[in-house]
Structures are given as structure tokens and as C-alpha cells.
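Between the sequences and the hints, there should be enough to build the whole structure, so can you do that?
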Amino acid sequence: MDRPPVVALDEVSKSFGAVRALSGVSLRLLPGEAHALLGENGAGKSTLIKTLAGVHRPDAGQVLVDGAARRFSGPADALAAGIAIIYQEPTLFGDLSVAENVFMGRQPLGFGRRIDVTEMHARTSELFSRLGVKLDPARPARGLSIADQQLVEIAKALSFDARVIVMDEPTAALSEHEVQRLFGVVRALREQDAAVLFVSHRLGEVFELCQRATVLRDGEFVWSGELSGETPDSLVRRMVGRELSQLFPKQDTTAGDVLLSVQRLTREGVFTDVSFDVRAGEIVALSGLVGAGRSEVARAVFGIDRPDAGSVHVGGKRLKYGSPTAAMAAGIGFVPEDRRQQGLVMDASIERNAALASLGRLSTFGLLCRRSERALAQDWAVKLRLKFSKLSDPVGVLSGGNQQKVVLAKWLARTPSVLIVDEPTRGIDVGTKAEVHRLLSELAGQGVAVLMISSELPEVLGMADRVLVMHEGRLVEELSRAEATEERVAMAAAGQAVAP
Amino acid sequence: MRNLLRWETALVFLLVVVALTGQVGTDGSFLSGGNLFYLGLDIGEIALIALPLTLVIVAGEIDLSVASVLGLSSALIGWLWNAGWPLETILPTVVVAGALCGAVNGLLVTRLGLPSLAVTIGTLALYRGLALVVLGDTAVADFPASYTSFGTTPVPGTGIPYPVALAAVLAVLFGVALHASSFGRSVYAIGANEEGARFSGIRVKRVKLSLFVLAGAVAAIAGIVYTFRFSSARADNGVGLELAVVAAVLLGGVSIFGGRGSLFGVIAGVLLLGGLRNLLILQDTSTEVLTIVTGLLLLVSVLAPSITRRVGTLRKAAT
Amino acid sequence: MTTQLTPAVTPPARRTAARRLTSRVGRVRELGIVVALALVVLPTAIVNPRFVQPQSLRDLLLNASIVALLAVGQTLVVITRNVDLSVGSVLGLSAFLTAQHFADNPGTPLLLGIGFGVAVGLACGFLNGLLVALGNVPSLVVTLGTLYVFRGIDYALAQGEQINAANLPDALLDLGSSRVLGVPVLVLVAVVVIVVAGVYLRSYRSGRELYAIGSNPEAATLAGIPVAKRTLTTFVLSGLIAGLAGALWVARYGTVDAAAGTGLELQVVAAVVVGGVAIFGGSGTVTGAALGALLLGTITSCLVVLQIPAFWQQAIAGALLLSAITVDRLLALRLAKALRTSEGTSHA
Chain U
1 MDRPPVVALD
11 EVSKSFGAVR
21 ALSGVSLRLL
31 PGEAHALLGE
41 NGAGKSTLIK
51 TLAGVHRPDA
61 GQVLVDGAAR
71 RFSGPADALA
81 AGIAIIYQEP
91 TLFGDLSVAE
101 NVFMGRQPLG
111 FGRRIDVTEM
121 HARTSELFSR
131 LGVKLDPARP
141 ARGLSIADQQ
151 LVEIAKALSF
161 DARVIVMDEP
171 TAALSEHEVQ
181 RLFGVVRALR
191 EQDAAVLFVS
201 HRLGEVFELC
211 QRATVLRDGE
221 FVWSGELSGE
231 TPDSLVRRMV
241 GRELSQLFPK
251 QDTTAGDVLL
261 SVQRLTREGV
271 FTDVSFDVRA
281 GEIVALSGLV
291 GAGRSEVARA
301 VFGIDRPDAG
311 SVHVGGKRLK
321 YGSPTAAMAA
331 GIGFVPEDRR
341 QQGLVMDASI
351 ERNAALASLG
361 RLSTFGLLCR
371 RSERALAQDW
381 AVKLRLKFSK
391 LSDPVGVLSG
401 GNQQKVVLAK
411 WLARTPSVLI
421 VDEPTRGIDV
431 GTKAEVHRLL
441 SELAGQGVAV
451 LMISSELPEV
461 LGMADRVLVM
471 HEGRLVEELS
481 RAEATEERVA
491 MAAAGQAVAP
Chain V
1 MRNLLRWETA
11 LVFLLVVVAL
21 TGQVGTDGSF
31 LSGGNLFYLG
41 LDIGEIALIA
51 LPLTLVIVAG
61 EIDLSVASVL
71 GLSSALIGWL
81 WNAGWPLETI
91 LPTVVVAGAL
101 CGAVNGLLVT
111 RLGLPSLAVT
121 IGTLALYRGL
131 ALVVLGDTAV
141 ADFPASYTSF
151 GTTPVPGTGI
161 PYPVALAAVL
171 AVLFGVALHA
181 SSFGRSVYAI
191 GANEEGARFS
201 GIRVKRVKLS
211 LFVLAGAVAA
221 IAGIVYTFRF
231 SSARADNGVG
241 LELAVVAAVL
251 LGGVSIFGGR
261 GSLFGVIAGV
271 LLLGGLRNLL
281 ILQDTSTEVL
291 TIVTGLLLLV
301 SVLAPSITRR
311 VGTLRKAAT
Chain A
1 MTTQLTPAVT
11 PPARRTAARR
21 LTSRVGRVRE
31 LGIVVALALV
41 VLPTAIVNPR
51 FVQPQSLRDL
61 LLNASIVALL
71 AVGQTLVVIT
81 RNVDLSVGSV
91 LGLSAFLTAQ
101 HFADNPGTPL
111 LLGIGFGVAV
121 GLACGFLNGL
131 LVALGNVPSL
141 VVTLGTLYVF
151 RGIDYALAQG
161 EQINAANLPD
171 ALLDLGSSRV
181 LGVPVLVLVA
191 VVVIVVAGVY
201 LRSYRSGREL
211 YAIGSNPEAA
221 TLAGIPVAKR
231 TLTTFVLSGL
241 IAGLAGALWV
251 ARYGTVDAAA
261 GTGLELQVVA
271 AVVVGGVAIF
281 GGSGTVTGAA
291 LGALLLGTIT
301 SCLVVLQIPA
311 FWQQAIAGAL
321 LLSAITVDRL
331 LALRLAKALR
341 TSEGTSHA
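Residue numbers (the numbering used here), protein chains in the order written: chain U, 1 to 500; chain V, 1 to 319; chain A, 1 to 348.
Keep in mind the hints are simulated off the structure, nothing from the lab.
Some hints could be false.
To be verified - FRET-style restraints, in silico, Cβ to Cβ: (1) Thr262/A / Gly84/V: 33 to 39 Å; (2) Tyr38/V / Val180/A: 57 to 63 Å; (3) Ala180/V / Asp59/U: 41 to 47 Å; (4) Asn164/A / Tyr147/V: 42 to 48 Å; (5) Arg20/U / Tyr38/V: 57 to 63 Å; (6) Tyr147/V / Val52/A: 50 to 56 Å; (7) Ser206/A / Arg438/U: 53 to 59 Å; (8) Val397/U / Val176/V: 25 to 31 Å; (9) Gly184/U / Lys229/A: 36 to 42 Å; (10) Leu100/V / Arg50/A: 38 to 44 Å.
Stated by the list, open to error - Only pairs whose alpha carbons sit at most 27 Å apart, straight line, appear in this in silico DSS-like list of lysine-lysine: (11) Lys317/U / Lys205/V; (12) Lys320/U / Lys205/V; (13) Lys383/U / Lys250/U; (14) Lys134/U / Lys337/A; (15) Lys387/U / Lys250/U; (16) Lys337/A / Lys205/V; (17) Lys337/A / Lys320/U.
Unchecked claim - Quick look at which bits of chain A chain U covers, simulated, 3 or more residues with Cβ under 8 Å: (18) 205–213; (19) 216–228.
What you are looking at is a predicted structure, and each value in this text was computed from that prediction instead of being measured.
From the three backbone atoms N, C-alpha and C, an ideal C-beta is built for every residue, glycine too.
As C-alpha cells, this is what we get:
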């Protein structure tokens with residue numbers, strides 16, 4: 001393995017405003033290796049990937065291709081250098097055919113430089129058969145499942161004989177069967193001397209597929225080396241920077257009355273026949289793969305999406321379909337998955353964000369009382385130990401963890417009886433993470449019913465009194481705190497559970 | 001926020017510059033009572049429509065049909081007057097009709113999720129077309145002097161024309177609604193991040209619908225003002241006025257992408273636009289040049305933020 | 001419960017049903033316009049048989065061909081999720097300048113004079129494109145501004161003057177009235193432009209990239225497509241075509257003042273949208289847009305023949321535009337639902 005790297009990053013730093021996303025990170029990708037890039041959410045993995053992709057230009061340090069420093073002026077340069085990126089969120093053109101998505105900008109040409117559609121479809125079919133997929137090259141990309149979209153992305157990377165293929169959590173939405181097929185493709189690519197950079201949260205997959213790994217934490221380089229001497233525990237320690245047992249301080253509480261009751265809730269094609277209860281003082285985790293329908297259930301409960309059938313009761317009263325206003329009036333608070341898009345108005349100040357869900361309470365005859373608005377924000381900033389300079393600063397300048405605290409403040413200001421939190425600790429630093437966990441635990445202690453959606457198994461196992469597991473839109477398993485182990489949850493999420 | 005304040009300061013500064021150069025360049029006639037009265041009349045409709053349109057644009061939408069609603073309401077006044085209706089009945093009817101026009105825009109945007117741009121380009125043609133259908137190319141001018149004098153006389157005891165007084169009263173109402181009410185907070189939140197607003201329990205569709213209805217109703221009121229000011233109800237009244245209104249709002253520092261801007265800035269924008277136009281008219285400049293200037297002002301006001309940003313990054317890169 | 005979500009074992013019937021629905025939406029549109037055309041023409045022909053005589057059909061095509069030309073340029077722009085509202089003003093400016101050029105230089109060769117008009121349009125389009133691509137400002141606002149700027153320049157240059165057929169060379173005026181095999185030359189020019197643009201959009205890489213940009217702008221950037229350059233190009237092409245249309249306008253009508261083509265942008269946008277070009281970008285054909293222009297033109301002619309006041313024309317154009325985007329939206333919603341449920345069923 002002492003061959004020179006195909007692509008390397010040398011002491012790369014990148015900042016966005018005041019936020020330092022990468023500082024002095026190095027990475028060496030050797031030909032014919034599968035290299036894992038590890039780190040918690042917010043560790044800087046996506047910034048690193050986008051630097052390789054030519055989307056971001058490093059503030060300091062270099063990108064080296066075949067040992068020579070290169071300045072990518074855009075994604076086209078990175079593509080030309082043979083670097084293909086498969087993003088976590090597929091980036092397809094919905095209006096165009098699958099074959100065109102694969103060959104965009106490189107369509108085979110025929111007479112008079114016109115696109116040879118027959119040839120393009122033939123080559124696409126050929127790529128798909130290499131991947132073992134049966135997809136019609138002529139169908140539009142719109143409406144493909146996430147897994148199929150990912151396969152189109154992989155076919156795209158294969159089509160131009162990329163020398164470096166970056167896969168950002170490619171398995172998050174795939175079934176075990178599809179994962180195995182993907183791994184077969186990766187091994188075939190390695191045999192052709194391509195380098196694969198593999199980003200995944202599933203350490204089992206990492207050990208199965210990769211030879212070497214690089215670990216990032218809070219934007220800094222932590223470790224890089226052979227995987228053969230490592231164990232999952234040792235890797236997690238490197239990623240987290242401390243022992244796992246220090247986290248997740250959920251105290252035992254006695255569960256009270258049922259506060260949230262979901263019965264046979266169905267949204268066609270998204271989730272089917274989902275029923276569960278959450279009691280006062282309980283933290284119930286909703287687990288499963290990305291795309292299993294967890295967030296969608298939460299959205300429907302809160303009224304963002306209209307369910308097609310079923311019911312939601314809060315404190316015994318039935319909720320109107322599709323009305324967040326009704327859900328809030330009934331006492332539901334919802335900390336959504338995407339903090340920047342759904343949780344906050346990034347341009348608006350801390351105080352305005354904190355008060356946004358309480359506007360009715362803060363105004364008389366429609367006129368807003370600014371003093372109470374400020375008092376509300378001040379109060380919660382102290383309670384949640386928010387780090388800020390002025391309450392009138394836009395939330396955009398805060399760190400991820402402090403932004404999440406503002407979202408929590410917004411909902412806690414309404415003293416909800418049911419709190420739904422979707423990925424409450426995604427992309428926030430370890431210290432704040434522990435604070436959020438303590439807060440959720442305290443809330444449960446005060447008799448709030450908490451429904452928590454999380455992709456991080458340790459968080460689920462540490463925090464939840466009960467674990468519900470979803471697979472392909474259905475609730476497939478319910479485990480008590482004592483029954484819930486990493487294996488059982490993972491098996492159920494992969495669809496291997498014994499039906500409850 | 002700080003950027004915005006700077007923009008508004010710049011506007012006020014520009015206003016003073018325009019007023020002073022106008023005063024000097026016209027040998028004192030620019031700031032004379034007579035000319036200011038005329039200027040006030042001239043910007044009356046623009047000022048009126050700019051108020052609700054500010055809220056619409058802050059909420060991240062746009063309404064290009066306002067000038068057509070103005071024309072339609074003018075045509076309706078003429079048609080109903082010809083049909084023998086009393087003006088006391090005609091005027092409320094026309095305002096309701098304007099609100100209905102706004103509601104059609106709002107329903108197409110909120111219920112079907114269509115882009116307001118495409119919808120209001122369509123209704124721009126539709127409402128103007130309906131105005132033509134109602135009144136053809138005729139003009140109705142035989143309104144009683146007690147009504148038409150509203151457009152030409154000041155409020156008793158002041159030198160302020162009625163349309164300006166009306167606009168001032170509405171400006172206070174809209175200012176309070178946008179800057180001091182929970183409704184205004186919702187409007188800003190929707191414009192800055194619609195999804196975030198929805199996830200905070202704000203009734204996005206209802207707020208947007210009400211904004212379009214307001215825009216329609218106020219555009220109809222502007223149609224009444226326009227009709228009586230020129231004592232002429234015509235289907236083609238106010239053709240192209242939407243450009244001047246949009247230009248004034250954007251000039252006032254409201255972001256075309258929504259979420260930013262203040263009513264104070266918009267009022268300054270209206271005055272600046274009106275002042276410039278008035279100055280050019282005093283200089284006997286042709287109306288063509290006025291069109292060019294309005295168009296250029298619109299371009300400059302939308303380009304200004306992105307140019308300053310670009311210059312900022314260039315300067316940063318240079319250091 | 002076993003894993004059943006591999007694409008290979010997805011029930012094929014569902015998938016193809018979704019696909020059929022998708023492709024049908026595209027084709028239904030062009031068919032729909034043809035049906036609508038028939039619905040408009042037949043009753044008119046019954047009321048007034050002279051409506052379907054060759055001469056009036058020729059007039060119909062002639063009237064539609066200039067709007068159809070503009071619609072082709074507009075399609076290029078709209079496909080990339082932009083819009084060019086200045087086309088009417090560009091046409092007016094180009095028409096006036098072309099006529100003035102011919103009047104001032106009586107010896108100008110025909111093609112050179114037309115080229116002059118094209119160049120005027122190209123310059124206008126270039127300005128639009130620069131402002132949109134570099135200014136990062138919505139094209140709607142930019143072109144709304146330039147709509148008035150170009151028109152204002154037009155008025156300022158014309159100074160209320162009108163250029164009459166008497167001052168124009170016969171070669172130019174002949175172009176407006178001559179025919180090849182019974183088909184007016186202007187119509188042939190429009191057809192050539194439609195065919196060229198159609199082939200470009202369907203079969204050339206950069207043409208396909210326009211769809212990609214409109215379909216998913218972020219993904220287009222990530223795929224290395226030069227988005228700003230392509231956007232600029234579409235505006236240049238739209239301006240160029242509007243310039244050509246301006247020159248042809250002179251040939252067709254012979255008399256030009258500064259008001260030529262005022263308000264035409266509404267008809268053009270309506271034609272494009274009625275013709276099935278998605279206002280959100282990413283899909284649509286120039287053939288559809290041209291058919292949309294033909295439909296609008298036919299309706300206008302029918303109003304005249306049926307002696308309905310021409311005042312209805314604008315209201316009808318507006319109503320057609322609104323119903324076209326409404327129908328598109330409803331179809332898209334149904335399609336989304338169909339895709340969602342078919343996918344969900346294959347997973348269950």
C-alpha cells in the first residue's frame with residue numbers, strides 16, 4: 001500500500017462566516033482502496049466532500065490530484081479530474097430520462113454531433129446490468145424510489161470511469177440486499193484501481209468494506225490509518241472523543257396517562273397503519289432507516305401533511321387533520337428534523353424566533369407587545385444556557401447546538417404536554433448534545449410525553465423508555481427499554497423482525 | 001437589519017438631494033406649495049397600491065395585476081354610472097369587486113400552489129381584458145363635481161390633497177400591521193422561510209390570501225381616486241402602473257425574495273420616485289424619458305443588493 | 001416479512017403505469033391544442049365559410065407566425081426556469097431601427113438590413129442575460145425593467161415619427177407578402193426557426209442542459225453544467241429571435257411607429273404556457289409553444305369573423321393562460337400522487 005495517492009487533501013481549512021467547518025484536515029486516497037470517512041454529524045464530512053467535488057474552495061491547504069496541486073474552479077473541474085460524488089440526497093433531473101441523467105453533458109454523439117439516443121439507452125442498460133438493476137433507461141427520473149435514484153447516481157459515476165468515487169451515506173436508504181449488491185460494485189471498482197471514499201454511520205459496513213479510515217471531530221483531523229487494528233468501540237471513542245456511557249442520562253420515571261395516541265394512521269404510499277401511544281413522563285423513540293417513514297409520521301401527527309386515514313388523539317381529544325394550529329392548541333410541540341429549513345427563520349433575530357410560536361399569547365388585539373417578546377426570549381435563553389451576544393442577533397450566527405436550543409425554546413415557551421423531537425441532536429457538538437438529552441429527560445420528569453425520532457442508535461438506547469421501529473412505512477417492532485439492544489433494533493429496522 | 005437601515009438612510013439622503021437640486025434647478029418652484037400639491041396628487045395611486053404590495057412582496061409573493069384591477073374598477077365605475085347606479089352604491093361595490101379580484105389571485109396561489117408571478121401575469125391580462133369588455137374604448141366623464149373635486153382640492157384647512165390624506169391614513173394602518181402586530185411577524189416569517197413559518201403553526205395560506213385580497217381592495221380604491229382625479233372612467237386607466245409601484249417598493253429596500261423591508265423605506269421610495277418624475281416633468285422632459293427612468297430605477301434597486309454583496313466579497317478577497 | 005424493495009422485483013405494471021402517465025401528460029398537451037383549434041375553427045367555419053378559404057387561412061398563419069417566433073425564443077428561456085418579459089419591447093425597438101435603417105440607407109441589401117434588426121435584438125438579449133446571470137436577480141424583475149427601458153428608448157428615438165411603406169425598399173415589403181408554393185415566406189421562416197430550435201433542444205448536449213438547469217438548478221451546478229453561461233445564451237437567443245421578428249414585422253406591416261409590439265409579451269407568455277412549457281422550467285417543446293401561439297391567433301381571428309368585439313381578446317388570452325397553468329398544476333398533483341402510491345405499493 002505504498003503507492004502514491006490518487007487524490008489527497010493537504011492541511012485543508014474552510015470557514016463559513018464565523019463557523020470553522022474544517023481546520024487543517026488531511027486525507028490520502030490510494031488507488032484500489034475503500035477508505036472510510038468517519039465522524040459525528042457536524043464533524044465536517046460534508047464540507048470535506050464538497051471540497052473534493054469542487055463546490056467549496058479551501059481557505060488554506062491544497063487538493064492534490066496525482067501529487068500535483070489543483071485549484072478546482074467548479075464541479076466541472078473535479079469531474080474532469082475523475083472525481084465522482086454520490087450525494088446523500090440524490091441530485092437527479094426529474095424531468096429528464098434516466099439515461100440522460102446518467103450521461104448528462106457526456107451523451108454519446110452520432111451524425112452531426114447530435115445525441116445518439118439509441119446508443120445512450122444501450123450503454124445505460126449495460127451499466128444497469130453491471131449493477132444488476134432492471135430500470136428502463138427511457139423512463140423519467142421523477143418518481144424513482146430513493147434506492148433507485150441512488151443506483152442511477154452510481155451508474156453515473158461508473159459511466160465515466162471515475163478514478164475516485166465518493167459515496168456519502170449511500171446505504172442509509174437501502175435494504176440489506178441492495179447494500180450487498182452495492183458492496184459488490186465497490187469491490188469491482190477497487191479491482192479496477194479506483195479509490196472509493198465511503199461515508200457511513202454503520203460501523204459494521206465500514207469494517208466489512210473498507211481497509212483504511214480517517215476520523216474527523218468538530219472540523220479537525222483526529223486519526224487516519226488501517227482498520228485492521230481497530231474495533232468499533234475504538235473508532236467510536238475517536239469520533240466522540242469520550243466514553244459513550246457519559247452520555248444519555250435518561251432517568252427512570254413512572255409513566256402516567258396516555259397523552260398522545262395515534263391510531264391506524266395512514267398516508268398512502270408513505271406510511272401505513274401506524275398505531276402507538278405515548279404516556280406522560282415517557283420518552284418513546286421512533287427508530288428505523290432513513291426513508292422508513294418516521295419523520296413523515298411526525299409531520300402527519302403535527303398536521304403538516306394530511307393523513308389519508310386513522311386518527312390522532314391528544315389528551316383524549318381527536319385532532320383535526322392537516323392543521324398545525326389545532327395540534328399546537330392541543331398541546332403538541334414539534335422540533336423538526338431540518339433546523340435551518342423548518343425549525344428557524346435564519347435571518348430573523350433570536351428573540352423573534354423564540355417568540356414565533358407564541359405570537360397569539362404575546363399580543364393583545366393583534367398588537368404585539370415587544371417587551372413580553374423580549375422577556376420570553378431572555379427567560380428561555382437563561383434556562384437553556386444559550387450562548388449569544390445580543391438577543392437581536394440573527395440566529396444564523398449561532399452555532400448548531402445553540403440554534404437547536406432556540407428551536408427548543410420556541411416550543412418549550414408554549415409549555416407543551418406532548419413534545420415531538422426529530423433528530424434532536426443532529427449536527428450539534430457533544431457538550432450541547434448532553435445538555436439536550438438532560439433537558440429531554442427533565443421534561444419527561446415533569447410529565448411531558450416525548451416522542452423522539454433518532455438515527456443514532458446509542459441515543460435511542462440511552463434515552464428511550466420504549467423503542468418503536470419502523471420499516472418501509474410500517475411499525476414492525478416495539479421494544480421495552482430492557483429488550484432494546486443494538487442488534488434487535490437494527491434487525492427490525494432492516495425488516496428482519498418477528499412481526500409484533 | 002443594519003444593512004436595511006443604511007439603505008433607508010441613503011434613501012432619505014437622496015430625497016433631500018433631489019429636493020434641493022430640484023429647488024435650485026427650478027428656481028424655487030419645485031418646493032412651492034402648488035407643485036407639492038401636484039406631486040402629492042401624482043403619486044397618490046402609486047403610494048396607495050405600494051402599501052399592500054409591500055406586504056405581499058415581504059411575504060415572498062408578487063402581484064402584477066394591481067394596475068389592471070385599478071383599470072377594471074375605473075371601468076366598473078363608468079359602466080355602473082351609465083347604468084344609473086348612485087355613486088354611494090357604486091363605490092363600495094367597486095371595492096368589493098377589487099377584493100374579489102385579489103381573492104382570485106390569492107386562491108390560485110394558495111390553494112393550487114401556483115407561482116404568484118405566473119398567476120398575476122395571467123390576471124393582469126384578464127382583469128384589463130374584462131375592463132375593456134365592460135367599457136370598451138369609451139370614456140365616462142359626467143360625474144358630479146362634488147366627487148371629482150376630491151381629486152383636485154385639498155382637505156379643508158390643510159394644503160394636503162385628499163388622495164394623499166387617504167394614503168397617509170392607510171400608511172399608518174399598514175405600518176402598524178406590518179411592524180407592530182403578530183400578523184406582521186407572520187408576514188415576515190413567511191417571506192423569510194415559508195416552511196419554517198408553517199412548522200411554527202403560522203397559517204401561511206390564510207395570511208397570503210388576506211394579503212392578496214388587501215392588494216385587490218386597495219387597488220380598487222386607487223382606481224376610484226384615479227377616476228375622479230381625471231374625472232374620466234376608462235378601461236385603460238393606469239396601464240403599466242404596476243411597474244412604477246413595484247419599482248417604488250423595491251427602491252424602498254424591500255427584498256424581491258421576501259422577508260426584508262420596511263414600510264418607512266417604501267414611503268421614501270415612493271416619494272423619491274415621484275419626486276424624480278415630477279422634477280423631470282418640470283424640466284419639460286418627455287414621458288418616454290420618464291419610462292426609461294422608472295425602468296432603470298427598478299433595475300438599479302434590484303441589482304443594488306447583489307452588486308454591493310459582490311463588491312463586498314471582492315474587497316474581502318483582495319485583503 | 002422479507003425484503004421486497006429491490007428494483008428488479010418491483011411489480012413492472014405499476015412502474016410502467018406511472019411512466020405512461022408521465023409521457024401521456026406531455027403528448028396530451030399537443031393533442032389538446034389541436035382539439036381546441038378544431039373546436040374554435042369548426043363553428044366559425046360553419047357561421048362563416050369564408051373563414052376556411054386559403055386566403056384567410058394564410059392570413060391566420062401569417063398573423064400567428066410572429067408570435068410563434070417569439071414563443072420559440074421564450075421557450076428556450078422558460079425551460080431554464082426564467083422568463084423574458086422584454087420581448088415585445090425588443091421587437092418594437094428592432095422594428096423601428098430596422099425600418100429607419102432601410103429608410104435612411106435606400107441601397108441596403110435585404111439580408112444586411114434584416115441582420116441589423118437581428119443585431120439590435122441580440123444586443124438587448126445580451127443585456128438581459130448579463131443582468132440575470134451576473135446580477136443574481138429574478139429574470140422577471142430584470143426583464144420587467146428592461147421592457148420599459150427598451151420601449152422608452154424606442155419612443156425617444158422615434159420622436160413620434162412613423163416610417164411608412166413608401167420609404168421602405170420593395171424587396172423588404174415583397175418578403176412580407178410573397179409566397180413559396182402557396183405558403184407565405186414569413187411562415188416558412190417561422191417554421192425553419194421552430195425546426196432548428198426543436199432539433200437543438202432535443203438532440204444537442206447544450207440543448208439538453210437547458211432542461212437540466214430548469215429541472216434542478218442545484219444539481220445542474222453539481223453536474224458541472226455552466227449554468228450562468230447557458231442562461232446568458234438563452235436570453236441572447238430570445239433577444240436575437242425577437243430582433244428577427246422585429247425585422248419581419250416591418251416586412252409584414254410596412255408601417256412602423258414606436259408602439260409596435262406593445263403588450264405582445266403577454267400573448268407570448270400565454271402561448272408558451274398554453275403550449276405546455278412548464279412555467280417552473282424543465283419541460284416543454286417549441287412545437288407546443290408554436291401551436292399555443294397558433295391557437296391564440298386563431299381565437300383572435302375567429303372573434304373578428306364572428307363579429308365579437310376585439311375587446312374580448314385580452315381577457316381570453318389571460319383566461320387561457322390561467323387555465324393552462326391550473327390544468328398543468330392539477331395534472332402534476334395527480335401525477336405526484338399516482339407516483340407516490342405506486343411506489344408505496346411496490347414497497348409494501
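How the hints compare with the structure:
no.	hint	result
1	Thr262/A / Gly84/V: 33 to 39 Å	holds (35 Å)
2	Tyr38/V / Val180/A: 57 to 63 Å	holds (59 Å)
3	Ala180/V / Asp59/U: 41 to 47 Å	holds (43 Å)
4	Asn164/A / Tyr147/V: 42 to 48 Å	holds (44 Å)
5	Arg20/U / Tyr38/V: 57 to 63 Å	holds (59 Å)
6	Tyr147/V / Val52/A: 50 to 56 Å	holds (51 Å)
7	Ser206/A / Arg438/U: 53 to 59 Å	holds (57 Å)
8	Val397/U / Val176/V: 25 to 31 Å	holds (30 Å)
9	Gly184/U / Lys229/A: 36 to 42 Å	holds (39 Å)
10	Leu100/V / Arg50/A: 38 to 44 Å	holds (41 Å)
11	Lys317/U / Lys205/V	holds (25 Å)
12	Lys320/U / Lys205/V	holds (17 Å)
13	Lys383/U / Lys250/U	holds (19 Å)
14	Lys134/U / Lys337/A	holds (24 Å)
15	Lys387/U / Lys250/U	holds (24 Å)
16	Lys337/A / Lys205/V	holds (21 Å)
17	Lys337/A / Lys320/U	holds (22 Å)
18	205–213	holds (count 5)
19	216–228	holds (count 10)
Checked against the numbered hints given earlier, this structure breaks none of them.
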